[in-house]
Structure formats: structure tokens, C-alpha cells
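Trainee: Here the protein sequences line up with chains A and B, keeping their order. For the first sequence, the positions run 0 to 809 when numbering that gives the first Met the number 0 is used. For the second sequence, the positions run 0 to 104 when numbering that gives the first Met the number 0 is used.
Note that these hints are calculated values from the structure, not bench results. Keep in mind that this is a model prediction, so the values were computed, not measured. Possibly wrong hints are sitting among the right ones.
[As the list claims (entries may be wrong)] In silico lysine-lysine, DSSO-like type, Cα no more than 27 Å apart, as pairs: (1) Lys18(B) / Lys461(A); (2) Lys522(A) / Lys18(B); (3) Lys779(A) / Lys760(A); (4) Lys709(A) / Lys56(B); (5) Lys102(A) / Lys19(B); (6) Lys800(A) / Lys82(B); (7) Lys760(A) / Lys786(A); (8) Lys351(A) / Lys397(A); (9) Lys52(B) / Lys19(B); (10) Lys457(A) / Lys18(B); (11) Lys492(A) / Lys397(A); (12) Lys383(A) / Lys397(A); (13) Lys57(B) / Lys571(A); (14) Lys72(B) / Lys116(A); (15) Lys709(A) / Lys28(B); (16) Lys57(B) / Lys28(B); (17) Lys396(A) / Lys494(A); (18) Lys116(A) / Lys13(B); (19) Lys18(B) / Lys709(A); (20) Lys351(A) / Lys367(A).
[Claimed, not checked] So the derived list for chain B, only partly shown, Cβ under 8 Å to chain A, looks like this: (21) Asp11; (22) Gln14; (23) Arg15; (24) Leu16; (25) Ile21; (26) Ile25; (27) Lys28; (28) Pro35.
No residue lacks a Cβ here, since even glycine has one placed at the ideal position from N, Cα and C.
Each chain, written out:
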Amino acid sequence: MKTLLDLFKNFQDQDKTAFIFRTGIRRFVFSYKDLYQLSLKTASWLEGQKINKGDRVVIWAPNSPWWVIAFWGVILRGGIVVPVDFSSGRERAEKIAELTQAKLIIQSQYKLDKIEKSNSIFIENIQYFIENCSANILPVIIEENNTAEIIYTSGATGEPKGVELSHKNLISNLKQVNEHIPTITKDYNFLSLLPLSHMFEQMGGLFTPLYKGASIIYIRTLKPSAIMRALAEENIYTVMIVPRLLQALKNSIERELERKTFLKLFSGLVKFSVHKKFGKNFKFFISGGSPLDIETAKFWQNIGFIVIEGYGLTECSPILAGNFYDQQKIGSVGKALPGVTLKIEGGEILAKGENIFSGYWQNKFLTKESFNSDGWFKTGDLGKIDNDGWVYVKGRKKDLIVTSAGIKIYPEDIENILNKIYGVKESCVIGKQEQGGEEVHAVLILETSADAPANIIKNANKQLDNLQQINSFSIYPELEFPKTTTLKIQKHKIKEAIKKIQVNTPSHSSDKIINLIASVTGKPVSLIEENSILATDLGLTSIARLELVNYLEQEFRIDMDDTLINQNTTVKSLRDMIQNNEKKTSRENFPFWSFNCCGRFIRLLSNWFLNYPIFFYFVKLEKRGLENVKNLNTPVIFIANHISYFDHPAIIFSLPKNMRYFTATAAKDEFFHNYKKVNKLKWTWKRFTYYYGTIALSLFPLPKEKGFRKSLEFMGKLIDNKINILIFPEGERSYDGKMLPFMEGLGLMVKELQIPIVPIKIEGIEKVFPRGTAMPQKGKVTVTFGKPYCFGRESPSEIIKIAKNLITNL
Amino acid sequence: MTIGIDLVYIKDFKQRLEKKEIIEKIFSKSELAIMPNLQESAGIFAAKEAFMKAFGKKVGWLDIWIELLPSGKPTIHCNYLDKNQKAELSISHDGDYATAVVIIT
Numbered sequence: 000m001k002t003l004l005d006l007f008k009n010f011q012d013q014d015k016t017a018f019i020f021r022t023g024i025r026r027f028v029f030s031y032k033d034l035y036q037l038s039l040k041t042a043s044w045l046e047g048q049k050i051n052k053g054d055r056v057v058i059w060a061p062n063s064p065w066w067v068i069a070f071w072g073v074i075l076r077g078g079i080v081v082p083v084d085f086s087s088g089r090e091r092a093e094k095i096a097e098l099t100q101a102k103l104i105i106q107s108q109y110k111l112d113k114i115e116k117s118n119s120i121f122i123e124n125i126q127y128f129i130e131n132c133s134a135n136i137l138p139v140i141i142e143e144n145n146t147a148e149i150i151y152t153s154g155a156t157g158e159p160k161g162v163e164l165s166h167k168n169l170i171s172n173l174k175q176v177n178e179h180i181p182t183i184t185k186d187y188n189f190l191s192l193l194p195l196s197h198m199f200e201q202m203g204g205l206f207t208p209l210y211k212g213a214s215i216i217y218i219r220t221l222k223p224s225a226i227m228r229a230l231a232e233e234n235i236y237t238v239m240i241v242p243r244l245l246q247a248l249k250n251s252i253e254r255e256l257e258r259k260t261f262l263k264l265f266s267g268l269v270k271f272s273v274h275k276k277f278g279k280n281f282k283f284f285i286s287g288g289s290p291l292d293i294e295t296a297k298f299w300q301n302i303g304f305i306v307i308e309g310y311g312l313t314e315c316s317p318i319l320a321g322n323f324y325d326q327q328k329i330g331s332v333g334k335a336l337p338g339v340t341l342k343i344e345g346g347e348i349l350a351k352g353e354n355i356f357s358g359y360w361q362n363k364f365l366t367k368e369s370f371n372s373d374g375w376f377k378t379g380d381l382g383k384i385d386n387d388g389w390v391y392v393k394g395r396k397k398d399l400i401v402t403s404a405g406i407k408i409y410p411e412d413i414e415n416i417l418n419k420i421y422g423v424k425e426s427c428v429i430g431k432q433e434q435g436g437e438e439v440h441a442v443l444i445l446e447t448s449a450d451a452p453a454n455i456i457k458n459a460n461k462q463l464d465n466l467q468q469i470n471s472f473s474i475y476p477e478l479e480f481p482k483t484t485t486l487k488i489q490k491h492k493i494k495e496a497i498k499k500i501q502v503n504t505p506s507h508s509s510d511k512i513i514n515l516i517a518s519v520t521g522k523p524v525s526l527i528e529e530n531s532i533l534a535t536d537l538g539l540t541s542i543a544r545l546e547l548v549n550y551l552e553q554e555f556r557i558d559m560d561d562t563l564i565n566q567n568t569t570v571k572s573l574r575d576m577i578q579n580n581e582k583k584t585s586r587e588n589f590p591f592w593s594f595n596c597c598g599r600f601i602r603l604l605s606n607w608f609l610n611y612p613i614f615f616y617f618v619k620l621e622k623r624g625l626e627n628v629k630n631l632n633t634p635v636i637f638i639a640n641h642i643s644y645f646d647h648p649a650i651i652f653s654l655p656k657n658m659r660y661f662t663a664t665a666a667k668d669e670f671f672h673n674y675k676k677v678n679k680l681k682w683t684w685k686r687f688t689y690y691y692g693t694i695a696l697s698l699f700p701l702p703k704e705k706g707f708r709k710s711l712e713f714m715g716k717l718i719d720n721k722i723n724i725l726i727f728p729e730g731e732r733s734y735d736g737k738m739l740p741f742m743e744g745l746g747l748m749v750k751e752l753q754i755p756i757v758p759i760k761i762e763g764i765e766k767v768f769p770r771g772t773a774m775p776q777k778g779k780v781t782v783t784f785g786k787p788y789c790f791g792r793e794s795p796s797e798i799i800k801i802a803k804n805l806i807t808n809l
Numbered sequence: 000m001t002i003g004i005d006l007v008y009i010k011d012f013k014q015r016l017e018k019k020e021i022i023e024k025i026f027s028k029s030e031l032a033i034m035p036n037l038q039e040s041a042g043i044f045a046a047k048e049a050f051m052k053a054f055g056k057k058v059g060w061l062d063i064w065i066e067l068l069p070s071g072k073p074t075i076h077c078n079y080l081d082k083n084q085k086a087e088l089s090i091s092h093d094g095d096y097a098t099a100v101v102i103i104t
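Bound conformation, chain B alone (with noise of 0.2 Å):
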């Protein structure tokens, strides 16, 4: 079992990263479409983050997307994954800070 975490600044987040050609590198079509608002923009972008410290290795950030089921929660999945390989994500935010932890398991 491994762990990540990640903390975003999302004044930082906006001002450096609100630019198409950045936002296409990090987020997939099915993620934009759920991204209402700057906050989980950000809070999407930190589970990304922590997927890939828990994950241990750093890899594409198309490689990994955030998903919501019905009730709302998000989850996370990776192309990299063993198929015994599970990925459990949980994410927050308030005000300036958005956070986000990643288990594998």
C-alpha cells in the first residue's frame, strides 16, 4: 500500500496555468467536462499530483483521470495500473487551498 498527497495554491494554479495549451496537456475531454469552477479544477489537478507520489514515478498527466460517480465522489484511474492494482482518492478544498490523497493499493 503506498500513499500521496498534494496541496495546491489555486491563486498560483489560475494565474500560471490559465492558458488552453496548458489546460489540454493536463486535463482529458471527460475531465474538463466536469470541472464547474476554478476549485476542483484544482482539486483535480492535486489528485493527479498525489496519484503520482503515491504511485512513485512520475508519468503523463493524460495518463491519469479523475472521474465522478453518481453520488458525487471522485475517482481516479491510471493507465499504469496492474489490473490488481486499486487507486483510492479523496479531495478538498477551501478557500485559497485545494488538497487531494491518493491510496494504492
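Chain A with its partners taken away, still in its complex shape (with noise of 0.2 Å):
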């Protein structure tokens, strides 16, 4: 193996999974053969693009399956990739492609500001592009030694800088790891959680799974409810992770811990409930990016997780020195690579090896400066090595901060925006330790006309890359920096003085949700009280309650809806309702159960008994078209008009036997729930067709007080597990037979669901139980299936008139 070429060849006849996509609606799976064919018609659409070899392609887009496709069709087409962080703004990912000369910019539709150049496209639309690809194409050839990407870092003068790595540089780095840790197997589940365009999250959670053949798990949001449930419902055995995301799952599994006050009693409680999170095969995390301390990984080892702590740099593809697997030293980021060597000179660990980049981009003399003479690569981290081996870091040698994110930043570009901004004196930006990690630190010294130091930090933050925002600030208690004899600011020195005072973060109380409400409308914390209407006391607008509720949703991991927060909510009424939304442990509040073998015999037996003899005695069934839908090899939604209370069963009695009992039927919530317990018959009616309803007919509500994406993701997960739904868009049963407009709410349905439409036409049963009558009278009834139809791009609209044609030319 040689070039990613060698390790693609690998895919190609493998039936098992390498992807699962979550997106919070559905879950899709990728073969390594999807992998494989999807990835050469990309390349294939990439030729007609005039990608040739040696061209750049920018991929700034989040974690996903289509990542990886875009990224193996610009390798085959011998194409460099040139990953950009996804929550970069548009001026970074701009700014990357310029200086590149990206041929082509991949973007994502998930970003309300874009670039728009002729030359992007979005990574949504690339399904649709490569339809009518031939996956029957040669790869390029490709030389060890070509560059495989370019990954932008930043730069010491606000210019950022990339790092070329070769195909020999990524295969050598790929051979390193996995020798130094062998444990991984097929069988292994990896969550992604950084972005790829980390070679951290490359390297670990991307080519590694895929050279051992095992899957990969990506979700579309990041927020916690939705890693959370990931972990317990994709049996995952490890992810890739920076310390500031331990820390975060750390806080939340501590703060859950206090309100289960019980389980504190039994230590093995506690650790029954962690591990019962994250799943019965969940091993290791990896840790990377920047120094784990050590109090948080002493809390994961009591629980029982392994944490893996590594040492690298992007210019080294990336990873140097890692922990084992069966062997961890605390403190220490472990052993070098087999292959590579490390050394200490003047205190700065230096370092070689197959893995380590050959220069950054078109920057002859950056690359030069990070060579010595030897050609030793010099990483900027001073450390030590001990006789056994066992590498410890030990800061920096330039003046460099690197976030628990993983992130490196230069203070000096920050300071550069700090000093510009009016009232600004002297700035000083340094690395602050936090939990977890460093943090960007702001200190200010400010002449009396500036404007207020929180106001000075959130306009310097607007101009800031996303990835290098200021976290917290305080204000030098004298009138200038400790300076050296050459006017260098004494860094040390004001690290040492910021200790003793007060350090403001742009926010501060105790309480998390008075702090974040300050923060999201700008009001003081002194203003808050618990009876203070958001609305209208602290001038909450629904922009920033979209922000709030994401706040609130990241910091206390639960799902809310912002539309609850209304022109009466309270602060008090809404930690009411985070409250008992962290508690809510069922979030199943449809009846999924009644699809299971239980349910789906009752069915057959009410079938049997009630009925289908009740159906036959009035109804003789014709069925047409039912060769479209026998050999369906994908669940889909079948459509129908609506006419009477009989179209439901003379439709589920003409499926064939093994649709039967997997189709859904979606019933008008109103049709369940509409009375309330005031007339005590009724409601004890209501409930009865509720659950006859369910389990007997497999009905399911389309509720609307909940809102559509709640049924949305009940309809997906019927899918998921492979049950058809059967829906009247109509919403309605039609008087007359003539077909009443279709819900609008098809389409988008749809559009969501990525999934085939059914026709079906129902004919003859407005004279066997027309709607207004009470008792049915015999009839002939015939029932026509249509081909199935797939949607691509259209609209919602489109949709609904293509279905409706559909129906209608049965």
C-alpha cells in the first residue's frame, strides 16, 4: 500500500457498512461498495468538471458520508483535497481557495452566508450531479510522492499557512498508528465528532476504520442529545477527541450525577449508568489536539474508559507519539510511532520520519525556518523524553496558543485586532487555563474615553475567525505592560500578575441560565430576575431565542423547542421547563411497539377474526398493478385517494402478505385525541379506537400540536426499520369520489424522507361506504398500484402536483 489509491482499491467488493448517516430524521447506511461506486462517479463528474491531476478542491462542508465521496473522487481524479474547517466563516474559506487556486469549492447549503463564485457547488446537490455517472472509470495514476491535500493552519502574520502532506506522508502515518495500536478490528463502531478537515479526525476516525474495514458513525448536528443517543443506539466501540469535548461530556455525566443523588451511594451505580450510555462495547477514546489534564482523565479511568492520550501536528499527518492501548502513562502523551524519532534539542522536541510533510504551500521560506539543518523537522512544542522512551510536552517555544479544541492561535493577530479598536491602549493576549485546556485570554489596557471593555472584546470577536474568538478578558491594573529592553511585552510576567485579578468573561453569575440569557440579549446579570419576562422585560427577539435555546440545549443536552418560549415566558418558567425536559427520560411518545412480532399478531388474529369478515362480506376486491410493488427492495410511502373508512383495509387487504404487516397507516391526530375528558363515553370511545387503532390497524398519528418535525422523525424511523407508510394526502374522504387537493405537507414530507413514492388508486367504494352513510352496502372495489417513483430536486409544490398526476393517470 502505497498511495490512498491502494487502500481505495480495497473497498470494492465489500457488502459491509462503512457509513451510518444520522440526520436526525433518518439513518442511512453505506456499503464500502456504495463507498466505492459513488466515489468513482464523483471522479467521473469531476472529469467533466476539468479537475485533472495536481488540481485543488476545496471541501469546506460538515462530517458526512458525501465528504468522504467528494473527497476519494478528487484523490481518484489525482486531484488535492484542501479540507476547510466547516465552522470557519465564509472570509476564511475564501480567503483558502484564493490562495490555492481551488479549480472547484465544495460548500455546504448548512451555512447562511456562502461563497458565490461560479466555481462552488454544494456537497447536498452532489447526489444528483453523479445520477447518470459511469462508475466504469480509470483513476489517475498517482506517485507516492504527490500531494494528497493541503491543510490550512494558521499562520504567525495572520496569514494562514499549508501544510502539503503526500500520499506517502498519509499511508506512512496510517501504517505508524496502526502498528502502534493494533487493536482495532471490522467489528468496531467510531463515532465521528471532530471535523474532518482535522488530519486528527482523518487519521483516527477516517482512514484507520476504513483500512481495518470497520464503520463509521456520522451525525448531522453535534449537539449533545443527538451524541448522546448516538452512543446508545449505534453500539460504538470509540471516537477521536479533543479535551474540551471530554471535559463537556465530563460536566454532564457529573451534573446528571448530582441530581441522582443515590447513585453516588454505590460507586459500581455510577459506573453501571456511564457505561450503560455509551453502550455495552464502548473501549477507548482517543485524545488529541492539545494537552489532556490530567484531573479529567483520571475521572474517565474511574469510570472505566480507557482515554488514549496522542502527541502530533498537522505537518506530520498528524501523529508523533501516542499512548497503548493496554498501557497508558497519565501526563505523558506517550511513546514515538514505530518509525518515527524523536529528539530533544534546546528543549524543542524535534522529529522524523516517513510522516512528515515536505513543505507548506508555495512558502519557501516558512518550510525552510521549520527545518534544521539536518532536516529534522523542529515542532515548536519544547518536551522531554524519558529513558524509557515515554514523551512529556511541556509548552511552547513561540508565543502560540493552542485551544482545548485543538486549535492553534497566534495571539498576535488578535492583538493586531485588539489594537485597532478605538480606546484600546495596549492589548496582551495569552492562553489561560482552563478546565480542560487553554482558552484565549484577553488583557486590555484602555484610556478613559473607551467604551466598555465587554462591548471592545464582543466587536474584536466579530472579527475574528469563529475558531479564534477571545474567551474571556480582564482589565491590567496599571498603565502599561512589563516590557523587555527591545519593547516585547513580558508574557510571563503578565501571566503571573492576571492571577491575582479579576478575570471578566463577557458574562458573569453562577447560575448558567441567568448567563446565558445575559449573554444572548446583552442585558447585565443585575437585570435578571427570575420574574423578568424574556419578551418584553429583557428584549429577547426570536433571533436571539434561537440562540438561547441552542445555549440551552448544548449546556443542559436536551431537545426544546423555541416556539415554547412565548410573550409570557419567564426566566423562572423557562428553568422550569429545561427542568423537566432533563428529566423526560421516555421520548417515545409514539406507539412504535405495535410493529414488533406482539403487534403484528395481534393484527394477523384481528385480521382473521373481525376484519377481514366484516371487509368481504360487503367489499369484492380487484387488484391491478400489484407486480410494482412485489420486488420492492426499499420502503416507501404509498399514496392513495380517500373516499370512505373502507379505503384503509382495501388497500392493506390487496398488499401482498409481506407488506401486510410492515405498512403503516398515518391518521389525522385530531382523529385520536380531539375530546376531552369532559364526556366520560366519548372519551372512553376515543381511547378504545386509539389503541384498536394502533395495534389492530397499525395507524399512527400525524400530529400537529407537536409539529411536523416530530412526525417526521417517527416516519423516519418507521423507515429505518424497513416499514412502508401508507398516507390519504387528501387529509380528507371525498363525497363524491373526485379527488380533493392534497395536503401541502406531502411534499416536504418527501423531500425529507429521501424515499419513494407508491400510487394508488381506489375505485368503486363510493358506492360501498360512501362517506355520510352509516352501513355499507355490497360492492365491487378495485385497488391499482402504480410504478414507483423516486424525487430528486424538486420542490415541495412539484411534488404534490407529480403525485396527484400519478393517482390520477392510474
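Both chains are given apart, each in its own frame, so use the hints to dock them into the complex.
Mentor: Here it is, written out as C-alpha cells:
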């Protein structure tokens, strides 16, 4: 194996799952074969876009199987992938595209501020672009010294610098890592949480599992609730992680334990409950990006999870050293990988190995500076290596902040911006030790006429990329910073000094909810009281409301609907809302259980003894077009015209037996829940029809009050479990058999669920059991099935138009 | 007949909502596909807000959606409108602001 193409060839004939993509609504499965075919098709589409050997292609998109498919597509064309962190703003992405003269920019629709250039496409559209492309193309011939990727990191002058990594670099590191930690097998499921634009996630969380034939789980949003659900449901073995995330997970577990005090009495129970959350096979975290603090490492060790800490730099593809699966030393980043040589020179860690890059993109000067005369790469990190070869990282040579998310930040970049803001006399940016690692801290000396310091920081943060935000600040109590004779600020002295002075975060209160409200509304903490009304007293706009709910979801690991916050919501009622939400354990309000074997058996019985005899006493059923549904290999949405209460049994009894018990029917929520408890008899009757409907007829409510999103989630779950859905899109029964307008939501539904529809036409039933009659008559009914229809980029209204025509034309 | 209007300060909109988790709460897949830039996104957001004002109550962000006719004119749709109700929409943006008006008849 010499190039990434050699790795790619292994995917060809494997049916095994490569990726699972959890969108929150659907759970899409991609096999290795799918990855192979789709990547080749993408390459063939890229060929049409004139992407040739050596051309740069920017990928600025969130993690998903399509990120990986786009990546291989470019590699197969001999192109160079330029990944850009998705949390970066448009300016940075545009700058990198410009620096690399990128021929194509692959961006995402999940960004508000997009690049508007003719050579940019949306990653979400690739699946449509490649529909008609052939997978029979020959990959471009690639040498191991060809560049595979250019990855940008911060440069000291504010100009980002591009690390060029060759195929050889990547493959060497892949082999080294897997020799060092040979534990991973094809049974492993990786959960991908870190951005694929970072080499650490690529090497540990992408290339390694692909090399071993393991599976990777991608989730569309990194909401804590979504992460926990993925951990609980996907049988995860390991994740690549940065100290900041590990710290956040620790905090959230600790907070939960605080509520369940009884658990703390028995440490075994604590372990048990945490292990339950992570699934039965969870084995270890691999931590990198920035130093892991000892307390966090010990916490996880006590829980019984291994944290394997490693050390590396993008320039080294990226891993240089790591602990082992069966041996870890807390405080040490482990030993050098096989094939990597490390030494200390003047306190600095130097490295040699085939994984080390050859230079920065079009920057000979920086390249020359980063190697010593013997060709050793100067990491810029200070450290020591003990006699047994354990490596300890002791800080950095240059004045550089590495945040606990693993992002490198040059203080000068931020100081330059601060110094330009009116009222700032001097500024000094340092890394401040927080729980979990370093965060960006600004120390200011202000003119007397200056604006409030919190506003100055806000102003600076607006100008900074999302990755470089200032986290906290303090005001230096003197007129000038301590300086050397050459007028350089003595940062170590300031670091010492700020330990004694007050540190401000943009808001400050011991209460998390109040802090968040303060930072979102811009109101001082002192003005926020328990009975303050968010909308009127605190001026919470709908935009700010969405922002607040997002913070709350992150902080409290909950799912929350922002429209629940209304004109009357006070701080106190918000607090209650959150507490109730946190306590809620079951998220399943829908009768999913009616589809297990038990539910199906009850349905079988009720069909035999009740539904079947009644229905066929009245109806002579004729089925047409069954060949269209016999060999479906995917679940579908059946859509049918609606005339009578007999429509449902007519369709169900027309379906082949293997589908009959795996089809759920959407019914109006009002049908089940419209009666209040006033009339006892009516209410009991409704409860009865609810249970009878859900179990015996497999109906499920399309709840309006709970919102569309919840219904979609439920339908997605049905489909993922291979259950078809039957919908009557008119929403009510027609009196005369003529079709009524369709409910508009259908179009949106089909779009979100990405699933084919099968049209069904029912005729004759208007004579048997028309709307408005109490007793059916005997008669003949025809049910006609049409061909499955797949939608692509149509708008919801177009989908409805097409769907209606499909039924009419049957 | 009811009417609703909304004005969005685009900078604020971007700064607060530019996160995947929030974006997917507000916009459906079909809307994301017709939002070429920040201004249009803010306009669509304003349209949803204006709709809620005309409708008289808060509904889920995803229960309202905007589409474009081939001519480029936006139309607004909602799961809660009765079949005999109709909503009309107009969006505009210039510089730092986007605005939308919705009339429900």
C-alpha cells in the first residue's frame, strides 16, 4: 500500500457497512461497495468539470459520508483536497480557496453566509450531479510523492499557511498508527465528532477504520442530545476526541449524577449508569489536539474507560507519539510511533519520519525555517523524553495558544485586531489555563474614553474567525505592560499577574441560565430576575430566542422547541421548562411498539376474526398493478385517494402478505385526541379506537400540535426499520370520489424522508361505503398500484403536483 | 384578511444563527436549496416571522416553508392553513436589512 488509491481498491467488493449517517430524521447506511461506486461516479463527474491531476479542490462542509465521497472523488482524479473547517466563516474559506487557486469549491447548504462564485457547488447536490455518471473510469496514475491534501493552519503573520501532505506521508502515518495501536478490528464502530478537516480525525477516525474495514457513524448535528443518542443506539467502540469535548462530557455526567444522588452511594452504580449510556462495547477515547489535563484523564479512568492520549501536528500527518491500548501513562503523550524518531534539542521536540511533510504550500521561507540543517522537523513544542522513551510535552517555544479544541492561535493576530479598536491602549493575548485546557484570554489597558470592555471584546470577536474567539478578558491594573529592553511585552509576567486580578467573561453569574440569557440579550446579569419576562423585560427577539435555545440545548443536553418560549415566558418558567425537559427519559410518544412481532400477531388475529370477515362480506376486491410493488427493495410511501373508511382495509388487504404487516398508516391526530375528558363515554370510546387503531390497524397519528419535525422523526424511524407508510394526502374523505387538493405537507415530507412513493387509486368504493352513510352496501372495489416514483430536486409543490397526476393517471 | 411584517438585521441574523444546529431547526431541506446567500436566507427567515404575525400565533419553523416559482417569485406554505385560506408573500432586502410581508386571506 503506497498511495490512498491502494487503500481505495480494498473497498470494491465489500458489502460491509462503511458509514451510517444519522440526519436526525433518517439513518442512511452506506456499504464499502456504495462508497466505492459513488466515489468513482464523483470522479467521473469531476472529470467533466475538468478537475485534473494536481488541481486543488476546497471542501468546506460538515462531516458526512458525502464529505468522504467527495474526498475520494478528488483523489481518484489525482487532485489535491483542501479541507476547510466548517465552523470557519466565509472569509477564511474564500481566502484559502484564493491562496490555493482552487478550481472547485465544495461548500454546504448548512451555512447562511455562502461563497458566491461560479466554481462553487453544494455538497448536498453531488448525489444529483452523479446520478447519470458512470463508475467505469480509470483512476489517474498517482505517485507516492504526489500531494494528496493541503491543510491550512494559522500562520504567525495572520496569513494562514498550507501544510502539503503527500500520499506517502498519509499512508506512512496510517501504518505507523495501526502498528502502534493494533487493537482495531472490522467489528469496531467509530463515532465521528471532530471535523474531518483536521488531520487527527482524518487519520484516526477515517483512514484507520477504512483500513481495518470498520464502520463510522456520522451525525448531522453535534447537539449533545444527538451524540448521546448515537452512543446509546449505535454500539460505538471508540471516538477521536479533544480535551474540550472530553471535559464537556465529564461535566454533563457529573451534573446528572448530582440529580441522582442515590447513585453516588455506590460507585459501582455510577460506573454502571455511565457505561450504559456509552453502550456495551465502548472501549476507549483517543485524545489529541491539545494536552489533556490530569484530572479529566483520571475521571475517565475511574469510570473505567481508557483514554489514549497522543501527540502530533498537522505537519506530521499528524501523529508522532501515543500511549498504548494496554498501557497508558497519565501526563505523558506516550511513546514515539514505530518509524518516527523524536529527539530533544535545546528543549524543543524534533521529529523525523516518512509521515513528515515536505513543505508549506508556496512558502519556501517558512518551509526552510521549520526544518533544522539536518532535516529534522522543528515542532515548536518544548518537551522531554525519559529513559524509557515516554514523551512529555512541556509547553511551546513560540508564543502560541493551543485551545482545548486543538486549534492553534497566534496571539498577534488577535492583538492586531484589538489594538485597532478605539480606546484600546495596549493589549496582550495569552492562553489561560481553564478546566480542560487553554482558552484565549485578552488582557487590556484602556484609554479613559474607551467603550465598556465587554463591548470591545464583542467587537473584536465579530472581526475574528469563529475558531479564534476571545473567551475571557481582564483589565490590567497598570498604565503599561511590563516590557523587555527591546519593548517586547513580557507575557510570562502578565500571566503571573492576572492570576491575582479579576477575570471577566462577557457575562458573570453563578447561574448558567442567567449567564446565557445575559450573553444572548446583552443585558447585565443584575437586571435579570426570576420573574423577568424574556420577550418584554429583556428584549429577547426571535433571533436571540433561537440562539438562546441552542445554547441551552448544548449546556443541558436537551431537545427544546424554541416556539415554546412565548410572550409570557419568564426566567423562572424557562427554568422549569428545562428541568422538566431534563427529567424526561422517554422520548417516544409514538406507538412504535405496535410494529414488533407481538403487535403484528395481534394484527393478524384481528384481521382474521374481525376486519377480514366484515370487509369481505361487503366488498369484492380487485387488485391491479401488484407487480409494481412485489419486488420493492426499499420501503416506500404509499399515497392513495381517500373516499371511505373502507379505503384503509381495501389497500391493506390488497398488499402482498409480506408488506401487509409492515405498513403503517398515517391518521389525523384529531381522530385520536380531539375529545377532552368532559364526556366520559366519548372519551373512553376514543381511547378504545386509539388502541384498536394503533394495534389492530397499525395507524399512527400525524400530530399537528407536536409539530412537523416530530412526525418526520417518527416516520423516518419507521422507514429505517423497513416499514412502509400509507398516507391519504387529501387529508379527508371525498364525498363524490373526486380528488380533493392534497395537503401541502406531503411534498415536504417526501423531500425530507428521501424515499420513493407508490401511487394507489381506489375506485368503486364510493358506491360501497361513501362518506356520510352509516351502513355499507355490497359492491366491487378496485385497487390499482402504480410504479414507484423517486423524487430528486423537485420543490414540495412540484412533488404534490406529480403525485396527484400519478394517481389520476392510473 | 390578516397581515404580518418582519424586519431582520442581517448582521445579527448571521452572527447569532450561523450554526448548523440552528439552521436545520429553521429551514427545511427544500429551502436550504434555494438560499444562495446570506441576504436571501435572512429574507426567508423574515417571511416566516411575518407569516406567524399574520397567522396570529407561533407555529413550528418547519411547518412554514417558502418556495420559488419559476419566475423567481416566492410563495409561502403552511401545514396549518385551511384549504380555503391563501397566503401571499413579498420579500425585499437592501444592505443590512431584509424584510417580508405576508397577507393571509
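Trainee: Hold the hint about Arg15(B) up to the distance rule: shortest CB distance to chain A must be less than 8 Å.
Mentor: holds, 4 Å
Trainee: Is the hinted pair Lys457(A) and Lys18(B) satisfied, with a Cα-Cα distance of at most 27 Å?
Mentor: holds, 18 Å
Trainee: Holds or violated: are the alpha carbons of Lys779(A) and Lys760(A) at most 27 Å from each other?
Mentor: holds, 14 Å
Trainee: Straight-line Cα separation of Lys709(A) and Lys28(B) no greater than 27 Å?
Mentor: Given pair Lys709(A), Lys28(B) holds - Cα atoms ~16 Å apart, limit 27 Å.
Trainee: Mind checking the alpha carbons of Lys351(A) and Lys367(A) for me, to see if they're no more than 27 Å apart?
Mentor: Roughly 15 Å between the alpha carbons, so the hint for Lys351(A) and Lys367(A) holds.
Trainee: Checking one constraint from the list: CA of Lys492(A) to CA of Lys397(A), max 27 Å. Satisfied?
Mentor: Holds, at roughly 16 Å.
Trainee: Between Lys18(B) and Lys461(A), does the CA-CA distance stay at or below 27 Å?
Mentor: Holds, at roughly 15 Å.
Trainee: Between the alpha carbons of Lys116(A) and Lys13(B), is the straight-line distance 27 Å or under?
Mentor: holds, 20 Å
Trainee: Would you mind confirming whether the straight-line C-alpha gap from Lys396(A) to Lys494(A) stays at or under 27 Å?
Mentor: It holds: about 16 Å lies between the C-alpha atoms, which stays within 27 Å.
Trainee: Against chain A, is Ile25(B) within 8 Å by beta-carbon distance?
Mentor: Hint holds; Ile25(B) Cβ to chain A Cβ min 7 Å, cut 8 Å.
Trainee: Mind checking the alpha carbons of Lys18(B) and Lys709(A) for me, to see if they're no more than 27 Å apart?
Mentor: holds, 21 Å
Trainee: So, Leu16(B) near chain A? Judge it on the closest CB pair being under 8 Å.
Mentor: Interface hint status for Leu16(B): holds (6 Å vs cutoff 8 Å).
Going through the hint list in order, the structure satisfies each hint without exception.
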